[in-house]
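J.: For reference, the chains in residue letters:
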Amino acid sequence: MEPLNALKRIFRNIRVFLLMQWYAAKEVFAYRVSASFTMVAIALGPLMNFVFITVIYSVSSGIGGWSYYQLLLLSGVASFIISMAWYFASPWTLVNLMKQGGLDIYLTRPYPPYLSILSLGSIYSASSAFTSIAIIAYALANSSISFMPAIEFFVAIAFGLAAFIAFLLVLTMILYSLFKSARWTQNLMNVFGEFSTYPLTIYGVMGTFIFSLLVPIGLATYYPVAIIYEKTDAFTFFAIVAFAIALITLFRVLFERYLKNYTSAIG
Amino acid sequence: MIEKDGPAVRVEDVHKEFKSYETRHGEGFLSSIRRRYKMKKALVEVSFEINRGEIVALLGKNGSGKSTLIKILTGVLHPDSGTVEVLGTDPWRDRETLARRIGVVFGAHEQLYWNLPAIDTFEFRKALYGVDNKQYNKMLKYFIDVLELKEIYKRQVRELSLGERMKCNFAASLLHNPEVVFLDEPTIGVDLPSSFALRDALFDMNKKFGTTFLIATHVIDDVKILAQRAIILDKGKKIYDGSKAGITKMFGDHREVVAYLKHGMDAPQIKGLNLVESADGYMKFEIPGKMIKNRDLSAFLTSENVVDYSISEPEFSDVLRQFYKKRTRRS
Amino acid sequence: MANDFSRSAARYFAIFKISAKDMLSFRADFVLTFIMKILYPLVMVFVWTVVFRTSNVTKIGTYNLTGMIAYFFIASVIELAVFTDLPYSMQHDIKHGSIATKISMPIAYLRYIFSSNMINNFIWGSIIGIPLLALITFVFGIHVSVAQFMMFVFTLALGVLIAYSLEFIIGCLSVYTNDINGILTFEGLMASLLGGALIPITLFPGVIGKVMGLLPFQFMFYLPITAFTGSTAIKSVVLLVGVAWLSAFIIIGYFIWKNAFKKITSVGG
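Protein chains in written order, with our numbering: chain A, 1 to 267; chain B, 1001 to 1331; chain C, 2001 to 2269.
Honestly, the hints are just simulated from the structure, not real lab data. Keep in mind that the hints are not guaranteed to be accurate.
Stated by the list, open to error - Heads up, simulated EDC-like pairs for lysine to aspartate or glutamate below, C-alpha to C-alpha not over 20 Å straight-line:
1. K180/A / D2029/C
2. K1284/B / D1234/B
3. K1224/B / E1313/B
4. K1235/B / D1090/B
5. K1061/B / E1313/B
6. K8/A / D1132/B
7. K99/A / E2079/C
8. K1126/B / E27/A
9. K1019/B / E27/A
As the list claims (entries may be wrong) - Where chain C lies over chain A, by a calculated footprint (3+ residues, C-beta under 8 Å):
10. 29-41
11. 50-61
12. 168-175
13. 201-212
Being a predicted model, the structure only gives us computed values, none of them experimental. A virtual CB, placed ideally from N, CA and C, is assigned to each residue, including glycine.
Whenever a hint applies, use it, and build me the whole structure from the sequences.
T.: Take a look at the structure:
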């Protein structure tokens, strides 16, 4: 009986989440012209990296140990992860909510607060996610990959993304309590994206450490791509998933602690 | 477990404290990492019960703890100590299940989608709370009727006035016909016709559906017109819990006498008569309630120079002001 | 005109003497911008180091490793000058009707919006840009002759003016559309790509590189950077192209502004 209820709840939460996305999208497209322009502009973001990498590989041999398509896949995954981060964890929206005390409203609704917080991101990022997926598909079509590594690739990305989003939510709250604004988190997100567009190994041991253990974006970008191109050993996949689960649990605890001490703007 | 009987709201011995940070000007930005804070007592030993079908006003100055109490009752915050039960269940622990049976209207925050017409938000709420079509259509029609939304609910929300938005917000928040509704300053800044409509709707819902209402408010008319009972908070403590008449009796037991004069004259020297205002051809006094039958006063009012007079109860807002004044003097 | 300018400057310096509380957020903003201006090109340090090593070359195009890295750092600094808040200021004024109430004459508004944004941009850009530029010059051992510096200032000024006129046109468009954010983002991406902020335009193959040499965006990044480092000589015909584009944008801007202003005042803010 219990697992059935739990399943029912999960489906209900998904349904509610999609519902909120639908209306958020509807609101954004109330003004079709400016919304369309913004969608196009944001879709171009991942293409910039695409152009950059193409030019590099046309004027040089590129990055050692990485073919053109391999690097394309990495950049596609990186921009996909950043798009998803903006889509689910937009710091600007979260901070605005906390500033104006608007978080209260979401806490009075009959479902978990995470759902509300995750559904408030930037709808526009869906368009850059699509371009990223196109780049990923293009790169995969031109690579030779085996079945198991491919499965591990997708699973690792899913877990890594969840861990990264959890990390970002906590980071946003910490930086908000320090600086009372979202600007630091927003800028840092883009910096993380830039760094993870290229293989972490080029940043040395320090860099690899920072972007896999400190800022868990590597779990969703570098390592899954290394896995699918079999650049790592079998152990890595399990380490990634285990570490991601540990992080998600940790950040969830931190998040709930913050929620308990939550005081909104209006006393 | 949501009890069928029992009070709608039960609050026992609730305490809540906050960290209140001080920002220091002109210091380096590292100082923001280690800021001093004071513990502010938002609620102290608050206890009361609200039965089903009551309309209760929650009064108090800014910072008295009204909003904090509402947030605790709706599961947004949780108390440091004490018991809170809404419909027999703990709102913090059972927030999600309870949320379907309660309604919340925050005056300062609207739930409406800004770029869309209000009807879209209604349909969103319908899907959100799983309201079936029949019930939805019934409640929609009801609100359009009682809140006069006919010209409004299909227009883009950003084009509406604050009052119109509040009415739509009210409807959107209560479409699922909850048993207990908490409101936090619902009529603040709202134009008169809209606030009348809001109060009508609230009163009607109470009559028709037996909905219990707790309204945290500043606006005197909310109390005067709607509430049978008032709970007053001051600095986190409950200082009064009873009927409006009770407050009036405590501090409002005086009357206002206005006398309209033919010619200007000096105020009559009667003991207990307090001259409040005087102008050419008119005088306003304050007298203790028991003086209305005073012979000297009657003689004055029926004298030749007085062409007309009226004796009326004081404005409830004045009563409250007296009430608060007495409190500050005492503390 | 110069008198007005100095008066506006004085006024804005006065506004700039901000309260202690604002000073706090100002300092935080300053630190944030400074850090970001260094972090983004830092990625390029690692990338190009590996690329040069993998190909085992000393030059790619006309750039050696140091020059290539320096290119991106300078681009990062120049960004401060060529991307401004002008369109957002205009959109804010237009949407909130403050144009109609603020000033009745179109030219007065133009003077106001340009001077306030230019001064803000100039001050902010100088406070961060000049130290950064000096640091970059020192770290990368760039020799800047007087002639190079003059050319740098000239091409940068041209680039800034082109950027302003383009941004002004976009700002006017907020009269016709709900939000110019998308258009502006698009313009920013195009300027970065076609202007050489993403990668030096000479690295683009054949035809594409030639086309970029005809567009106005090169004045925003590629040409000032190249002038500063003196890596390639700049032909005077290119400068004429820039002046031609600037004139075109000014003329377009003039007509759009006339139409837009008419629309604003007819609706009544």
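J.: The structure should be examined with respect to each hint, and the outcome stated for every one.
T.: Hints versus structure:
no. : hint              : result
1   : K180/A / D2029/C  : holds (12 Å)
2   : K1284/B / D1234/B : violated (32 Å)
3   : K1224/B / E1313/B : holds (13 Å)
4   : K1235/B / D1090/B : violated (25 Å)
5   : K1061/B / E1313/B : violated (23 Å)
6   : K8/A / D1132/B    : holds (19 Å)
7   : K99/A / E2079/C   : violated (30 Å)
8   : K1126/B / E27/A   : holds (17 Å)
9   : K1019/B / E27/A   : violated (37 Å)
10  : 29-41             : holds (count 10)
11  : 50-61             : holds (count 8)
12  : 168-175           : violated (count 0)
13  : 201-212           : holds (count 3)
Comparing the model with each numbered hint stated earlier shows that hints 2, 4, 5, 7, 9, 12 do not hold.
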